[in-house]
Every structure is written in structure tokens, then in C-alpha cells.
Amino acid sequence: MKPSVRMKRVLRRRGRLAVFGAVFGAVFAAAFGASWGLSAAGAWADTAYITNEKDNSISVIDMDKLEVVKTVNVGQRPRGIIMNADGTEIFVCTSDDNRITVLDAKTLEIKYHLPSGPDPELFILHPDGRTLYIANEDDNIVTVTDVIDKEIIDEIPVGVEPEGMGMNPSGKMLVNTSETTNMAHFIDTDTHEIVDNVLVDTRPRVSIFDKEGKRVWITSEVGGTLRILDGESHELIKKIKFDIPSVNDEAIQPVGVRLTSDGKYGFVALGPANRIAVIDAQTLEVIKYILVGQRVWQLALTSDEKLLVSTNGVSNDVTVIDVEKLKAIKSIKMGRFPWGIVIQP
Amino acid sequence: MPFRLNRLILRDHCRIAPLCAVFAGVFLGLFAFSAFVATPALAREDTLQEIEERKAWDEKRKKLREERRKKKGVTKKKSGPPAEKIKIAFLTQEIKIPPALSNLDPVLTDEGVYGARIAIVDNNTTGKFLNQDYILDEVTVPLDGDLTEAFKKLVAGGHRHVVVNLPATDVLALADLAEASEVMIYNISAPDDALRNEQCRANVLHTIPSRAMLADALAQFLVKKKWKEWFLVIGPREGDRLFAAAVKRAADKFGADIEEERVWDFTADIRRTASAEVPVFTQDVDYDVLIVADEPGEFGEYLIWRTWDPRLVAGTQGLVPTAWHRAHERWGAAQMQNRFRREAGRWMTSVDYAAWIAVRSVGEAVTRAKSTDFTKVKEFMLGPEFSLAAYKGIKVTYRPWNGQLRERILLAAPRSLVSVSPQKEFLHPVSEVDTLGYDKPESKCGNPG
Numbered sequence: 064m065k066p067s068v069r070m071k072r073v074l075r076r077r078g079r080l081a082v083f084g085a086v087f088g089a090v091f092a093a094a095f096g097a098s099w100g101l102s103a104a105g106a107w108a109d110t111a112y113i114t115n116e117k118d119n120s121i122s123v124i125d126m127d128k129l130e131v132v133k134t135v136n137v138g139q140r141p142r143g144i145i146m147n148a149d150g151t152e153i154f155v156c157t158s159d160d161n162r163i164t165v166l167d168a169k170t171l172e173i174k175y176h177l178p179s180g181p182d183p184e185l186f187i188l189h190p191d192g193r194t195l196y197i198a199n200e201d202d203n204i205v206t207v208t209d210v211i212d213k214e215i216i217d218e219i220p221v222g223v224e225p226e227g228m229g230m231n232p233s234g235k236m237l238v239n240t241s242e243t244t245n246m247a248h249f250i251d252t253d254t255h256e257i258v259d260n261v262l263v264d265t266r267p268r269v270s271i272f273d274k275e276g277k278r279v280w281i282t283s284e285v286g287g288t289l290r291i292l293d294g295e296s297h298e299l300i301k302k303i304k305f306d307i308p309s310v311n312d313e314a315i316q317p318v319g320v321r322l323t324s325d326g327k328y329g330f331v332a333l334g335p336a337n338r339i340a341v342i343d344a345q346t347l348e349v350i351k352y353i354l355v356g357q358r359v360w361q362l363a364l365t366s367d368e369k370l371l372v373s374t375n376g377v378s379n380d381v382t383v384i385d386v387e388k389l390k391a392i393k394s395i396k397m398g399r400f401p402w403g404i405v406i407q408p
Numbered sequence: 074m075p076f077r078l079n080r081l082i083l084r085d086h087c088r089i090a091p092l093c094a095v096f097a098g099v100f101l102g103l104f105a106f107s108a109f110v111a112t113p114a115l116a117r118e119d120t121l122q123e124i125e126e127r128k129a130w131d132e133k134r135k136k137l138r139e140e141r142r143k144k145k146g147v148t149k150k151k152s153g154p155p156a157e158k159i160k161i162a163f164l165t166q167e168i169k170i171p172p173a174l175s176n177l178d179p180v181l182t183d184e185g186v187y188g189a190r191i192a193i194v195d196n197n198t199t200g201k202f203l204n205q206d207y208i209l210d211e212v213t214v215p216l217d218g219d220l221t222e223a224f225k226k227l228v229a230g231g232h233r234h235v236v237v238n239l240p241a242t243d244v245l246a247l248a249d250l251a252e253a254s255e256v257m258i259y260n261i262s263a264p265d266d267a268l269r270n271e272q273c274r275a276n277v278l279h280t281i282p283s284r285a286m287l288a289d290a291l292a293q294f295l296v297k298k299k300w301k302e303w304f305l306v307i308g309p310r311e312g313d314r315l316f317a318a319a320v321k322r323a324a325d326k327f328g329a330d331i332e333e334e335r336v337w338d339f340t341a342d343i344r345r346t347a348s349a350e351v352p353v354f355t356q357d358v359d360y361d362v363l364i365v366a367d368e369p370g371e372f373g374e375y376l377i378w379r380t381w382d383p384r385l386v387a388g389t390q391g392l393v394p395t396a397w398h399r400a401h402e403r404w405g406a407a408q409m410q411n412r413f414r415r416e417a418g419r420w421m422t423s424v425d426y427a428a429w430i431a432v433r434s435v436g437e438a439v440t441r442a443k444s445t446d447f448t449k450v451k452e453f454m455l456g457p458e459f460s461l462a463a464y465k466g467i468k469v470t471y472r473p474w475n476g477q478l479r480e481r482i483l484l485a486a487p488r489s490l491v492s493v494s495p496q497k498e499f500l501h502p503v504s505e506v507d508t509l510g511y512d513k514p515e516s517k518c519g520n521p522g
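Residue numbers (the numbering used here), protein chains in the order written: chain A, 64 to 408; chain B, 74 to 522.
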């Protein structure tokens with residue numbers, strides 16, 4: 064690629080004009096890039112970030128326009144995705160790279176990586192904004208990483224294939240579910256010791272505390288159930304078995320869960336049943352099933368909680384749901400196998 | 074030469090320098106952009122080197138973990154009652170090594186045992202939270218050794234769960250021993266349909282699919298594709314004949330036609346001669362798919378691409394129905410594939426998978442029944458509450474009428490998973506998976522389970 068002597072001469076001869084041209088080109092490129100960046104950041108609208116598991120990328124959706132504004136490469140097999148405390152950084156579990164990839168939320172550029180142990184799948188940030196708890200699916204471990212010092216500070220042995228990560232509002236109690244052990248492990252975040260193990264149904268996926276920390280919702284993919292436990296005693300409050308007319312029981316595989324902060328609704332993604340169950344969070348009864356894309360996996364709510372978004376792995380799209388009307392209003396095309404989602408206010 | 078050409082073109086375009094610079098700028102920008110975006114997707118499966126690196130990393134992390142715990146002053150809690158011990162045996166017998174039929178696949182003499190070992194580790198990871206301790210005893214009887222004696226010794230030593238990698242005749246002989254009455258035998262390798270029907274035993278569970286299940290899984294797929302005219306080629310071995318019988322039964326069951334049936338009776342190695350022999354052998358048949366019954370793999374691979382007509386091959390080679398396959402990565406299977414390869418240094422087979430299921434079944438039943446009592450564990454395993462996740466997307470369970478594991482069957486080409494049966498078009502009043510193999514009404518198993 065070294066320019067020949069003659070080329071250099073040609074360039075020198077037309078030097079001034081060339082400089083002008085180069086500057087013009089650079090400005091043009093910069094302006095183009097900036098307009099992209101701006102639309103991605105969005106002045107008022109929420110922004111949704113979706114991991115595409117088999118495309119090694121994340122898609123960025125402007126939640127006002129409900130359009131994809133950008134797709135960015137992040138690393139191999141991106142799955143779990145969260146924001147840091149002040150919303151300036153995006154943390155992505157790049158599972159096959161065995162680390163957490165951290166992106167600048169404004170520029171969407173990779174800023175740095177965090178050590179995670181092997182095969183990170185889902186994770187949760189402590190309210191201190193500093194301690195990150197990561198489930199290592201391929202190693203029966205929950206890794207604890209300090210995001211400021213960027214180093215692993217502890218490893219907590221749990222059951223086989225840990226996945227779901229929930230934390231109570233005070234940050235004192237972490238709940239992790241293990242897919243093959245079929246347990247919810249309650250972990251004291253001060254001592255990093257397991258204080259309770261609760262058997263749940265087969266292949267538990269997601270565990271989440273409600274806003275008050277009074278209840279824990281745990282989905283079991285193969286068991287086909289949702290268990291709601293007491294946040295303190297861990298006793299079973301209710302077990303919900305989903306029943307959808309014309310859908311085979313075996314296709315009902317609950318995964319992602321989201322709760323509205325007003326305590327009105329719980330939403331549960333039902334995997335290959337291609338539906339989201341709407342649960343009255345007071346009576347704990349299923350009130351509706353909303354048809355979405357294929358193999359619905361994880362869910363997220365916008366900051367005003369007016370919209371719910373689901374990732375649909377097999378149909379390669381997300382479904383946007385109007386929470387007030389409990390109706391799907393739009394599908395948006397994603398990359399291959401959309402998996403995780405986080406929405407930035 | 075190409076370099077010169079480029080330079081000329083570049084020089085030509087560069088007469089108008091400003092335009093050229095814009096051009097170059099945009100080009101460079103795009104180049105940088107594409108290099109960033111179009112990172113090739115790397116293979117999911119670990120290379121041998123990555124497996125070794127991971128093992129070393131695991132060791133290092135383990136050491137660090139221990140150091141950290143020491144620093145924290147955590148000592149292992151020794152208080153409380155001693156752990157409950159659950160013993161599981163893995164019993165197999167040496168086999169005469171058959172002649173190598175392929176330059177690619179090694180002859181395996183250790184099938185099953187790694188599956189059992191991984192399952193024991195899984196059971197114990199769960200068990201440490203419940204104060205249970207699972208122990209695996211591995212016994213390999215020599216070629217001329219006494220299998221019965223070895224079995225009796227295991228039972229005398231307190232074993233109630235015996236996982237066996239043995240042919241059907243041996244499974245049956247062990248099951249009929251007086252010593253076996255209070256024992257559960259887990260058949261992980263014999264696919265014989267007779268073991269699930271006339272010769273079924275109340276003390277045997279089958280975690281490997283029967284030939285009927287495999288043939289039904291393939292038949293559903295081919296019928297769904299409307300490839301219903303089959304040419305059946307049967308090898309010279311007993312297993313080949315039994316597989317062919319299962320294929321004929323499947324054709325009847327799902328409405329396919331066997332247009333022609335020919336016996337491949339040549340026992341010579343055909344690696345060099347297939348191109349000459351097979352076209353003649355497959356002439357004058359009108360069919361959609363050639364179904365081959367060649368369990369040992371003596372000739373089936375060499376039918377592909379050598380038939381007289383351009384036709385697909387399925388059965389024991391080509392598109393194969395199987396419980397496990399290296400191309401399987403759905404439903405968390407990618408994790409199991411990597412874990413197995415780290416442990417065994419080779420790919421997982423259906424027999425390894427069946428062994429994993431057997432040992433995990435014991436762990437799951439003990440945990441859920443909250444008992445190590447043999448009768449309670451057995452009852453739970455065959456009951457409606459039993460549910461094991463086994464990387465197939467739906468739970469696997471046992472058919473109470475013949476002890477066969479209900480599971481989805483993979484249909485795999487050498488490098489891709491083509492489909493998973495049952496196909497949803499074939500309905501069943503209770504469980505779609507029961508469209509594969511002998512369903513309750515057609516079962517000739519006299520034992521109520």
C-alpha cells in the first residue's frame with residue numbers, strides 16, 4: 064500500500080486542492096456520523112438496546128419513533144444487557160468472549176471490558192453502583208466484579224447452570240436461579256454466603272424481586288410455571304400454571320418477567336408459546352395472553368411504563384406492547400436471535 | 074500485474090486531485106467501517122486449544138477462590154448430620170474391537186461413562202445444598218469375565234441403581250436375576266423394541282430411544298416433506314434387520330410406501346469400490362428417498378452420491394434420527410457439548426447422553442421425592458410429577474407402560490440439525506412425543522410399570 068514515488072509527486076503537485084478535498088471528505092463523514100450518533104442518543108425519547116445473540120451485535124431503537132436507529136458490533140454471543148447507575152454506560156454479557164463489554168451510551172463505542180469468569184449470561188448491578196453480580200452459566204459460579212477497579216472480588220459457588228439474577232431493593236439479598244439444579248439460591252450480599260436454597264420447578268430462568276422486595280417472581284422454562292415466593296420467608300405464595308387454549312402445554316416455556324412499579328401488572332414471556340401472559344399483580348391471576356413474535360424471551364418497560372418490549376428470538380424481531388390497552392402495536396425487525404433488552408430513559 | 078493495473082487506474086482517477094481525495098477519504102472510511110462491522114462470526118464450539126486453555130483457567134480460578142476464602146477466614150462448616158449417600162453403578166463389559174470402518178471416527182470403547190460422570194457432578198452440585206452425596210462406581214467386566222457375578226457383587230455392595238452399557242441379551246439376563254428384583258437397571262445402549270414389548274421388565278428403564286422411536290421420527294419428517302416412496306437397503310447384521318423392521322412399521326404407521334427392498338450382502342470393505350458397485354445395486358427403482366439400515370456403519374456412508382439416480386439417503390447414515398448429535402446446540406445443548414468435550418476430549422454420543430439422563434434421573438427423583446428409599450424413588454420416577462430438563466426444550470419423562478424415556482428425536486445431517494421430531498402435524502391426545510415408538514394402546518408389554 065506504500066504510494067509510489069510518482070503517486071507522491073502527483074499528490075504534491077495538486078496538494079492544496081487535495082487538502083481541501085480531504086477536509087471536505089472528513090467533514091462530510093463526521094457530520095454523517097454525528098447525525099447518527101444524535102439520533103441514537105435521542106433528546107427526549109427512551110432508547111432500547113437489544114442484544115442479537117447470533118449476530119454479535121446490539122440494535123438500538125428510538126422508542127419515540129419505534130425505529131431502529133443503529134446497529135453496533137459488541138463481541139461474541141451477546142445476551143444479558145443492563146445500564147450502569149447513571150445511565151452513561153451499557154454493560155453487555157458477551158458470553159463467548161468470557162467477559163463483560165462496556166459501551167458508552169452516547170457514542171455506542173466500546174469503552175472497556177470487565178472480567179466476568181466464563182460464559183456470563185445474566186447479571187445485576189448492586190444499588191451501590193459498583194458491585195456487579197454475574198451468573199456464569201458454564202461454571203456453576205456467580206462472579207462478583209468491582210466495576211470501578213475492574214477486577215473480580217469474589218466467586219460464589221451455586222447450582223448447575225446459574226442464570227436468573229434478582230436483587231431486593233435494599234441490595235442486601237441476591238436471588239440466583241440454577242437451570243439444572245432447579246433451585247433459587249438466596250445470597251447475602253454482605254457475606255456472599257448462600258443463606259437459603261429453595262427448590263423450584265424444572266429449569267428456572269428468571270428471578271426478580273418486586274419494588275418493595277416483598278415478593279420474588281421465578282419462572283421455570285421446562286416446568287412451564289411461575290412461582291411467586293415471599294421475599295422474606297421464601298415460602299411459596301402462589302404457583303401459576305399457564306393454560307392457553309390451542310397451545311400445547313410443552314410449548315409454554317416461561318422466561319422473562321417484568322413488573323409495573325404501580326403494582327398493577329406482571330408480564331411473563333412464554334417462549335415458544337409466542338405469547339406474553341399478563342398477570343394481575345394483586346390477585347396473582349392471569350388476565351390475558353398477548354400474541355407476540357416467535358420464541359419470546361426477555362422483556363423491558365419504558366421509563367413511563369406505557370410501553371413493554373419483548374425480544375422474539377426465532378422471528379428475529381421485537382414486539383412493542385401498549386401497556387394501557389394490553390395490545391401489541393408494532394413489530395420491529397432486529398438482527399439474528401434477539402435475546403436481551405434494556406431501555407434507557 | 075494486478076498491482077500495476079491498480080496503480081494505473083488510481084493514477085487516472087487522480088488527475089482531478091480534490092475529487093480523488095474525497096473519493097479516497099470515503100473509501101477509507103467505508104473500509105474502516107466494514108472491517109469493524111463485518112467481523113466474521115467465529116465457531117461456537119471450542120477448539121482443542123480453547124478446551125485446554127479453559128481447563129487451565131478453571132484450575133487457576135479454583136486456587137484463587139480458595140485463597141480468597143482463606144483470607145476471609147471461612148472454614149468449611151462441618152456441623153450438622155452427615156450427608157446421605159446415594160450409590161449409582163455404571164456396569165459395562167469389554168467388547169471385541171470391530172475393524173475400523175472409517176478414517177474419521179475413532180472406535181469408541183468408553184461410551185456412556187463420561188455422561189455418567191458429568192451427571193454425578195451435576196447431582197452433587199445440587200446435592201451439596203441438600204446434604205446428599207452421590208457416588209458413582211464404575212465396573213468394566215473383562216471380555217471373558219463373568220458379568221452376572223459383577224452385577225451380584227454390586228447389589229451385595231448396596232447398589233440399587235445400575236446403569237448398564239450392554240447388549241439386549243445381557244440386559245435381560247441381569248434383569249431376570251433374583252438379586253435384581255429390588256434394583257433398577259438403566260439401559261443406555263440397547264435399542265431393541267422387544268425389550269420394550271414382549272421382553273419388557275419392571276426393573277428396567279430405557280434411556281436410549283428404541284429403534285421404533287428413531288424410525289418413527291424419521292418417517293414423520295419424510296412424510297411431512299411428502300417424500301413418501303422409499304427404497305429400503307438392509308445390511309447383513311441382525312441389528313440391520315431389526316432397524317429395517319422398525320422402518321417398515323413406521324411406513325405403515327405414517328402412510329409411506331416401501332417401493333423396493335434390497336439386501337446388501339457384501340461384507341468386503343467398499344471404500345475403494347463403492348463408485349462401481351452402488352450404481353448397479355440401486356438401478357431400476359422408482360423412489361424418493363433411499364433408507365439404509367446399517368447399524369455398524371459398514372457401507373451406508375458409501376451409498377451417498379453413488380446411487381444410480383440422484384436421490385437422498387437417510388436412516389442409519391445420511392439424515393439420521395438420533396438422541397444426540399454434535400450439530401445440536403439448541404435449548405442449552407451448546408453448554409453440554411462444551412462441558413462434555415472438556416471432560417472427555419471427544420464429542421458426546423447418544424449413549425453418553427442416555428447415561429447422563431439415567432444418573433440425573435436418580436438425582437432428580439431423590440431430590441423431589443425427598444427420600445433415598447428405593448421404592449419411593451422408583452415410584453416418583455415413573456409418576457406424573459417427574460420432570461427432567463435434558464437440553465431438548467421440553468421435559469423428559471418415562472412411559473409407565475414400558476419404562477421407555479419420552480424424548481424428542483433429532484434429525485441430523487453430518488454438519489447441521491435438520492429437524493426435531495415429533496413433527497407438530499402429527500397429533501396425540503396426551504403427549505406429542507408419544508407419537509414416537511410404541512404407544513400405550515399398542516404396547517405388548519405385560520407389566521403395568
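Each hint should be verified, as a subset may be incorrect.
Simulated restraints on C-beta separations [what the hints assert, rightly or not]:
(1) 298/B to 306/A: 49 to 55 Å
(2) 369/A to 140/B: 40 to 46 Å
(3) 300/A to 447/B: 46 to 52 Å
(4) 119/B to 369/A: 42 to 48 Å
(5) 445/B to 300/A: 28 to 34 Å
Simulated pairs of lysine-lysine, DSSO-like, Cα-Cα distance not exceeding 30 Å [claimed, not checked]:
(6) 213/A to 443/B
(7) 393/A to 497/B
(8) 136/B to 213/A
(9) 304/A to 133/B
(10) 443/B to 174/A
(11) 158/B to 304/A
(12) 277/A to 136/B
(13) 136/B to 117/A
(14) 351/A to 299/B
(15) 302/A to 201/B
(16) 213/A to 158/B
(17) 144/B to 304/A
(18) 449/B to 302/A
(19) 449/B to 158/B
(20) 443/B to 301/A
(21) 497/B to 302/A
(22) 128/B to 235/A
(23) 390/A to 144/B
Since the hints were derived computationally from the structure, they do not count as laboratory data. C-beta: ideal position from N, C-alpha, C; glycine also.
(message) I'd like to know which numbered hints this structure contradicts. Please list them from smallest to largest.
(response) Structure breaks hints 1, 2, 3, 6, 9, 10, 11, 12, 13, 14, 16, 17, 22 and 23.
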